[in-house]
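*Asks:* These protein sequence lines are chains A and B, in that order. According to my numbering, the first sequence is numbered sequentially starting from 268. According to my numbering, the second sequence is numbered sequentially starting from 11.
What the hints contain is simulated information worked out from the structure, not anything from laboratory work. Careful, some of the hints might be misleading.
Just so you have them, the derived chain B footprint on chain A, three or more residues with Cβ under 8 Å [claimed, not checked]:
#1 297 to 308
#2 461 to 472
Only some residues are given here: those of chain B computed to face chain A with a beta carbon under 10 Å [what the hints assert, rightly or not]:
#3 I190
#4 G356
#5 D508
#6 P510
Partial pick of chain B residues on the chain A-facing surface, computed with a CB cut under 10 Å [said to hold, decoys possible]:
#7 E155
#8 E166
#9 E193
#10 R197
The model shown is predicted, which means the values in this text are computed figures rather than measured ones. Every residue, glycine too, gets a C-beta built ideally from N, C-alpha and C.
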Amino acid sequence: MSQAPAIAFQAVQSVLVVLAAPLVLGWVNQCRAWLQNRSAPSILLPYYTLAKLFHKDAVIAEHASPLFRLTPYILFGCMWLAAGVVPVLATSLPFAPAADIIALVAVFALARVFASLAAMDIGTSFGGLGARREMLIGFLAEPAMLMTLFTAAFISGSTSFTTIVATLAHRELAIYPSLAFAAVAFLMVLLAENARIPVDNPTTHLELTMVHEAMILEYSARHLALVEWAAAIKLFAYMTIGFALFAPWGIAEAGDWAALPLALAALAVKLALAGAGLALIETVSAKFRIFRAPEFLSTAFLLAVLGMLIHFLLQG
Amino acid sequence: MPATGLPIAADRLPGAAPAFLAAVEPARLREACEQARARGARLVALWGSDETVRGAGFALHVALASSEGLLWLAVPLAREHPRYPGIADLFPAANRKQRAAYDLVGIHADENPDHRKWLRHGAWPGGTFPLRKDFDPARRFPLAEDRYPFVRVEGEGVHEIPVGPVHAGTIEPGHFRFSIVGEKILRLEERLGYKHKGIEKRFESMTLDEGARLAGRVSGDSTVAFAWAYAMAVESACDAAPPPRAAALRGCLLELERIANHLGDLGYLGNDVALAFGFFQFWRLKEDLLRVNARAFGHRYLMDTVVPGGVARDLSTGAAAEILTALDRIEPEVRRLRAIYDEHAGVQDRFMTTGEVTPALAAKLGLTGLAGRASGLRRDLRVDHPVAPYDTLGVRLAAADAGDVAARAAVRFEELFESARLLRLLLRGLPDGPTRVPLAPPAAGRRGIGWVEGWRGEVLIALDTAAEGRIHRLHPHDPSWQNWPLLERAVLGNIVPDFPLINKSFNLSYAGQDL
Numbered sequence: 268m269s270q271a272p273a274i275a276f277q278a279v280q281s282v283l284v285v286l287a288a289p290l291v292l293g294w295v296n297q298c299r300a301w302l303q304n305r306s307a308p309s310i311l312l313p314y315y316t317l318a319k320l321f322h323k324d325a326v327i328a329e330h331a332s333p334l335f336r337l338t339p340y341i342l343f344g345c346m347w348l349a350a351g352v353v354p355v356l357a358t359s360l361p362f363a364p365a366a367d368i369i370a371l372v373a374v375f376a377l378a379r380v381f382a383s384l385a386a387m388d389i390g391t392s393f394g395g396l397g398a399r400r401e402m403l404i405g406f407l408a409e410p411a412m413l414m415t416l417f418t419a420a421f422i423s424g425s426t427s428f429t430t431i432v433a434t435l436a437h438r439e440l441a442i443y444p445s446l447a448f449a450a451v452a453f454l455m456v457l458l459a460e461n462a463r464i465p466v467d468n469p470t471t472h473l474e475l476t477m478v479h480e481a482m483i484l485e486y487s488a489r490h491l492a493l494v495e496w497a498a499a500i501k502l503f504a505y506m507t508i509g510f511a512l513f514a515p516w517g518i519a520e521a522g523d524w525a526a527l528p529l530a531l532a533a534l535a536v537k538l539a540l541a542g543a544g545l546a547l548i549e550t551v552s553a554k555f556r557i558f559r560a561p562e563f564l565s566t567a568f569l570l571a572v573l574g575m576l577i578h579f580l581l582q583g
Numbered sequence: 011m012p013a014t015g016l017p018i019a020a021d022r023l024p025g026a027a028p029a030f031l032a033a034v035e036p037a038r039l040r041e042a043c044e045q046a047r048a049r050g051a052r053l054v055a056l057w058g059s060d061e062t063v064r065g066a067g068f069a070l071h072v073a074l075a076s077s078e079g080l081l082w083l084a085v086p087l088a089r090e091h092p093r094y095p096g097i098a099d100l101f102p103a104a105n106r107k108q109r110a111a112y113d114l115v116g117i118h119a120d121e122n123p124d125h126r127k128w129l130r131h132g133a134w135p136g137g138t139f140p141l142r143k144d145f146d147p148a149r150r151f152p153l154a155e156d157r158y159p160f161v162r163v164e165g166e167g168v169h170e171i172p173v174g175p176v177h178a179g180t181i182e183p184g185h186f187r188f189s190i191v192g193e194k195i196l197r198l199e200e201r202l203g204y205k206h207k208g209i210e211k212r213f214e215s216m217t218l219d220e221g222a223r224l225a226g227r228v229s230g231d232s233t234v235a236f237a238w239a240y241a242m243a244v245e246s247a248c249d250a251a252p253p254p255r256a257a258a259l260r261g262c263l264l265e266l267e268r269i270a271n272h273l274g275d276l277g278y279l280g281n282d283v284a285l286a287f288g289f290f291q292f293w294r295l296k297e298d299l300l301r302v303n304a305r306a307f308g309h310r311y312l313m314d315t316v317v318p319g320g321v322a323r324d325l326s327t328g329a330a331a332e333i334l335t336a337l338d339r340i341e342p343e344v345r346r347l348r349a350i351y352d353e354h355a356g357v358q359d360r361f362m363t364t365g366e367v368t369p370a371l372a373a374k375l376g377l378t379g380l381a382g383r384a385s386g387l388r389r390d391l392r393v394d395h396p397v398a399p400y401d402t403l404g405v406r407l408a409a410a411d412a413g414d415v416a417a418r419a420a421v422r423f424e425e426l427f428e429s430a431r432l433l434r435l436l437l438r439g440l441p442d443g444p445t446r447v448p449l450a451p452p453a454a455g456r457r458g459i460g461w462v463e464g465w466r467g468e469v470l471i472a473l474d475t476a477a478e479g480r481i482h483r484l485h486p487h488d489p490s491w492q493n494w495p496l497l498e499r500a501v502l503g504n505i506v507p508d509f510p511l512i513n514k515s516f517n518l519s520y521a522g523q524d525l
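Turn these sequences into a full structure, and let the hints guide you.
*Replies:* Right, dumping it as structure tokens:
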């Protein structure tokens with residue numbers, strides 16, 4: 268098979284992820300508004316916000332180092348890379364060998380480190396506060412995330428996304444109890460990593476309660492746009508990781524153009540359902556105290572480990 | 011008419027509120043306060059006045075609440091170097107008021123360890139006192155740098171977070187200086203006064219009629235309470251009483267204001283724990299009520315409805331029926347929402363034991379109003395010293411003892427239901443008759459007291475008239491004065507992200523305190 272169609276597929280996916288990520292965010296916000304008895308803003312609102320931010324002049328603190336300016340681009344790049352590696356539309360993408368699931372977690376960690384450094388770079392108290400909380404959540408979320416991914420990796424015998432998805436998607440329908448545990452753990456990690464309720468509140472204006480928002484308070488204009496966009500891509504990437512692991516049906520093989528419409532339709536349906544589900548979780552939950560985060564994430568870790576143990580018990 | 015239960019001989023002031031006036035020499039001030047405190051009295055307000063235009067010096071005024079009623083101590087001070095013995099050790103709530111009285115009138119409290127400025131920032135220089143009669147209100151000063159020595163906390167890992175006065179949300183300006191270790195709050199120091207507008211000075215250029223509008227704007231969310239207290243003070247100075255229909259309508263207005271504010275606060279409490287569902291439901295109900303207000307009284311927040319002598323607008327039978335229908339619509343929904351809040355594990359986890367003020371601490375530091383009732387201080391002017399129309403309603407007091415956010419939310423729910431009950435009683439039994447009586451301008455030097463239980467707590471207006479129906483000195487007191495210092499204590503040992511929730515559970519007024 269020639270590489271050209273696969274590369275075209277990779278290009279389609281990479282562009283699609285960047286362009287569609289704000290739409291998913293808009294959809295989640297719309298669902299939240301409906302669930303709260305409000306008339307919802309346009310689903311395109313995140314795009315308008317990004318366009319507005321790109322048109323503004325950036326204000327940067329006097330004491331900011333180049334790191335502060337550079338971080339939005341690093342964040343955007345990391346998230347884009349991550350979204351390119353995850354089999355969103357197709358498996359066997361040319362990018363896929365660039366990173367397996369362990370490297371993927373490392374890419375997210377790299378983004379987190381830079382975001383935290385940039386938050387502390389300015390020297391405001393809120394930046395430091397946010398960075399500290401982000402690190403607390405991050406260092407607990409990463410092991411839980413890895414354990415979740417390992418559960419899937421054990422089933423397919425590989426840490427490569429392509430192999431995992433190919434194994435899970437093309438097998439006969441079988442119920443994996445281990446994956447059920449891993450799915451719950453993954454959902455918990457998704458909420459924590461993407462600064463969603465109940466771990467963080469993406470819509471709050473209360474500086475003292477913020478985690479992710481506190482870190483980016485000093486960003487404006489194009490920098491803020493990139494940071495926000497990166498956050499949208501991160502949410503998109505996490506959702507599609509979830510689909511790849513737990514609901515891989517409909518995914519295409521790179522270069523198989525005939526399967527692309529089905530893959531796109533399946534992706535749209537899955538994203539719509541996941542977005543509505545996320546909005547539902549966020550509507551019925553209250554944000555917990557920051558010190559509940561360790562409990563929450565160690566529960567996620569425990570569930571992921573249980574999933575692994577069950578896998579070994581059942582595979583015997 | 012001297013009253014028997016008071017610590018010192020005092021004369022009953024005319025008017026609805028049970029208020030007594032006594033002149034006390036500075037040397038006997040502490041003795042009088044000690045005796046009053048021994049009988050369970052608490053400090054309501056403290057302010058200064060310039061009496062030089064009357065041929066005297068300055069004066070200190072202390073308002074104490076006792077079981078008999080309000081005791082107004084007037085303490086004459088010398089024209090040169092006016093000083094008095096401070097009472098902040100007896101009543102801790104006096105500290106900031108003594109400092110404010112110095113900033114505005116230049117009367118000095120001795121033996122007060124804290125002599126930092128309070129209301130003065132950089133707008134006028136030290137040594138200039140805006141509330142003195144020889145101060146020209148049109149005078150402007152170059153904006154000076156504002157230096158305020160915060161108390162520093164030192165130790166391993168301790169650092170400060172300055173928050174405000176400009177906040178990320180649409181709230182009033184105030185500065186909060188946290189000293190924290192990790193996420194734990196070791197100390198909070200407030201710096202208020204950013205909204206100082208010189209309201210008291212403005213009153214002195216007004217007639218009693220004009221003052222009613224300004225009184226309703228001291229703290230916008232308590233406009234009925236302030237306007238009623240003002241009307242009560244003017245009626246007290248004129249020795250007049252509002253007609254029965256006006257008194258009943260004032261009761262309706264005050265309870266509508268209470269319900270609207272409690273609905274808003276309960277929504278905010280939901281929002282601060284990220285339960286946006288609660289926020290939007292409660293604010294939908296509040297909006298419903300505000301629109302009913304607008305149709306019935308011509309103003310969503312009921313401004314300028316209470317005026318000296320009665321009320322400015324009568325309530326039609328149709329509008330009264332509409333309010334009753336609105337109550338029947340809103341109250342069952344609030345009961346359902348209360349069940350949701352009470353049964354939501356996440357909400358209760360955030361509310362319970364957060365921002366605790368024990369009853370002992372509350373009593374010692376003089377917590378008042380709604381927050382006081384949530385900390386076991388069973389005081390409500392509508393119950394303790396009911397004026398018409400409350401004297402015939404049998405108001406049931408809502409209270410809790412836990413003193414945490416959950417208790418303050420519970421008291422709000424209970425008061426909301428009680429207000430709905432009172433409104434039904436009032437609206438179904440509205441007496442007929444006029445809604446306003448004309449008031450003859452009082453002579454100069456008449457005193458009047460207005461004392462009203464607003465939704466936040468007791469609002470006091472103390473009035474001293476000048477000739478030709480004008481105001482010599484008027485002090486509007488908001489209960490936030492007493493409660494702001496308690497917020498500093500309530501957050502101790504809590505974590506930083508819980509501060510907004512604790513703050514909102516008190517929901518104190520900046521404008522009412524900054525004057």
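*Asks:* Which numbered hints does this structure break?
*Replies:* Checked against the structure, the hints that fail are numbers 7, 8 and 10, while the rest are satisfied.
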